[in-house]
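2 protein chains.
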Amino acid sequence: PTGSHKPNTAVAQAYYNAVEGITKLTTETGAGQWGASLAMACALVGITCEVWQVRASYDAKPYRRYQMEAYGSVCHPSPSDLTEAGRAMLEKDPDTTGSLGMAISEAVEVAAKDPNAHYSLGSVLNHVMLHQSVIGQEVLAQLKEFGEEQADVVFGCAGGGSNLGGLSFPLIGQNLREGTTTRVVACEPAAAPSLTRGEYRYDFGDVAGLTPLIKMHTLGHDFVPSPIHAGGLRYHGMSPMVSHAVNLGLMGAVAVEQDDTFAAGLEFARAEGIVPAPESTHAIAAALDYVRTEAKDGEVVVIGVSGNGVLDLPAYENYL
Amino acid sequence: PTGSHKPNTAVAQAYYNAVEGITKLTTETGAGQWGASLAMACALVGITCEVWQVRASYDAKPYRRYQMEAYGSVCHPSPSDLTEAGRAMLEKDPDTTGSLGMAISEAVEVAAKDPNAHYSLGSVLNHVMLHQSVIGQEVLAQLKEFGEEQADVVFGCAGGGSNLGGLSFPLIGQNLREGTTTRVVACEPAAAPSLTRGEYRYDFGDVAGLTPLIKMHTLGHDFVPSPIHAGGLRYHGMSPMVSHAVNLGLMGAVAVEQDDTFAAGLEFARAEGIVPAPESTHAIAAALDYVRTEAKDGEVVVIGVSGNGVLDLPAYENYL
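Going down the list, the sequences are from chains A and B.
For the first sequence, position 141 (counting from the first letter as 1) is numbered 141 according to my numbering, and the numbering increases by one without interruption.
For the second sequence, position 317 (counting from the first letter as 1) is numbered 317 according to my numbering, and the numbering increases by one without interruption.
Be careful, since some hints might not be right.
No distinction is drawn between identical chains; accordingly, a pair holds when it is met within one copy or between any pair of copies.
[What the hints assert, rightly or not] Distance condition first, Cα-Cα at most 25 Å in a straight line; then the derived SDA-like pairs of lysine to any residue:
| no. | residue 1 | residue 2 |
| --- | --- | --- |
| 1 | Lys296 | Leu213 |
| 2 | Lys24 | Arg270 |
| 3 | Lys215 | Tyr319 |
| 4 | Lys24 | Gly273 |
| 5 | Lys24 | Ala263 |
| 6 | Lys144 | Leu250 |
| 7 | Lys296 | Tyr16 |
| 8 | Lys24 | Ala271 |
| 9 | Lys24 | Glu267 |
| 10 | Lys113 | Leu266 |
| 11 | Lys113 | Ala191 |
| 12 | Lys215 | Ala271 |
| 13 | Lys24 | Leu320 |
| 14 | Lys144 | Leu82 |
| 15 | Lys296 | Ala255 |
| 16 | Lys24 | Glu317 |
| 17 | Lys113 | Ala263 |
| 18 | Lys24 | Leu266 |
| 19 | Lys24 | Glu272 |
| 20 | Lys215 | Gly147 |
| 21 | Lys24 | Leu130 |
| 22 | Lys24 | Ile274 |
| 23 | Lys144 | Ile172 |
For the record, the hints were derived by calculation from the structure and aren't laboratory data.
Build out the structure end to end from the sequences listed, making use of the hints.
Quick look at the structure:
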């Protein structure tokens with residue numbers, strides 16, 4: 001209902017927090033798909049939700065805030081003057097367009113000070129990867145339905161890693177257990193290339209250093225992506241489990257340029273009917289390039305479409 | 001993929017026109033769901049699509065135009081200076097906010113002058129009702145899946161009548177053939193009440209009088225609904241088949257006030273996760289009222305949610 005894969009983990013997180021007696025969740029959001037999904041999940045289980053949205057997206061995508069408010073949540077631009085972390089960031093750079101790392105610091109701070117509140121993260125962490133593995137399980141079921149023994153190549157976009165991990169881990173598991181040879185390609189934006197350009201080391205998950213240290217591919221926790229980048233996929237780090245899989249050689253990675261992604265998105269929309277989210281178009285662009293240059297006849301290529309682009313239509317309009 | 005029931009008939013119409021050698025479809029659109037659906041369908045079958053959108057919606061809902069353009073279609077505000085009908089309307093009232101009847105006149109005129117073009121209508125007519133009957137067939141299948149013998153009361157919103165007819169005709173057919181007692185309630189806006197306030201007589205489908213005469217409930221083909229009305233459901237007439245069914249007593253009708261619809265829409269969104277289209281909230285509001293005042297325990301109430309409200313979030317924001 002919110003147009004992306006995020007409810008897979010949002011509903012689970014809201015439900016288990018509600019069962020535990022928690023009455024409020026805080027979180028950050030970039031493009032807004034995660035914030036909207038957690039807002040919906042909290043409405044469904046009857047708890048409140050407070051979201052810090054990266055200012056660049058907050059200003060450019062008002063419909064996402066309207067969506068969160070329709071579900072009864074509150075949404076602030078980040079950095080905000082509502083937290084110590086936010087005030088410190090604004091003092092350092094009053095015109096900052098924000099980053100996911102900054103918004104995480106704010107949401108974590110508010111949750112840490114309220115015994116009835118928890119902080120909820122929509123990507124990166126192991127429990128999120130677990131919830132999202134339903135995607136890959138569905139891919140396996142769909143392949144079976146179409147009489148295919150395996151996928152040959154799988155393309156998924158990679159920001160924090162949640163849809164990519166969810167899509168690919170069940171297929172990698174099949175490779176390891178049954179000897180299939182599915183190849184997984186992580187498709188990340190050239191503007192925030194944590195897997196292809198980042199270092200594999202311990203780093204904080206947020207700007208202020210409030211989270212535990214996490215071993216991951218990272219561009220540094222003070223990385224601020226260009227505000228013109230249209231989609232999500234703006235996080236400085238990559239899920240530890242995805243990072244580990246790349247390090248073990250279980251999946252590869254490519255960086256995709258933004259203009260190629262919109263061209264691919266329009267081609268996909270006109271062929272399949274679905275206007276894809278700008279994030280998903282990274283996977284589509286890489287898959288189209290592969291099919292046109294390298295693929296052999298009869299290969300089975302899977303593309304993970306992590307969300308629709310209905311609320312990102314102005315970005316397409318700018319491209320057209 | 002476009003977020004409403006409209007592709008059910010858009011894909012069929014585009015396909016059969018393409019098979020017949022037609023290379024372009026013209027149409028009108030109000031809230032934009034039909035224009036976006038026909039744009040998508042034309043992209044899928046590889047023909048061009050030109051849409052006249054009622055000016056009030058064109059100005060208030062730019063995302064709908066972006067959506068049509070993403071699918072490769074062209075969208076004009078109506079009345080436009082591109083047609084004789086449009087120029088005549090603008091001369092009479094340069095500041096008109098437009099109406100579906102005016103937009104139909106423009107789209108029909110352009111198609112009539114081009115041997116390779118046809119005009120396509122997304123509601124009202126019998127073939128559209130036929131395509132949409134898949135909705136009611138799915139309701140019957142879903143009821144069976146849940147072990148229910150019949151629906152007791154069915155609420156559907158009514159503009160031109162397409163989703164309502166599609167939803168209810170298979171159930172009315174079951175009533176007539178098998179003696180079930182499903183009651184159907186057409187829910188129309190108080191701002192354009194063709195069933196509850198209109199006359200049952202022959203009238204034109206458009207403002208300029210270019211269409212054949214149609215026997216239907218009508219507010220008069222020069223009716224212009226208030227531009228502040230947020231959703232679709234702005235047509236002056238009602239599908240001849242729905243009109244006939246109401247006239248035979250096979251279904252009833254109620255008019256719903258706009259403020260009640262938004263309150264009902266938010267309640268539905270927070271309970272079900274889906275932000276409904278403003279059109280659909282007419283059915284939801286009437287159903288909630290029925291369940292709270294009249295329904296007996298154990299009654300099976302069906303609500304037709306004809307579309308989602310993702311591109312109508314500003315209207316919700318104005319209400320909040």
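TODO: Any hints from earlier that this structure breaks? Give me their numbers in increasing order, please.
DONE: As far as the earlier hints go, 1, 3, 7, 10, 11, 12, 14, 17, 20 are violated by this structure, in ascending order.
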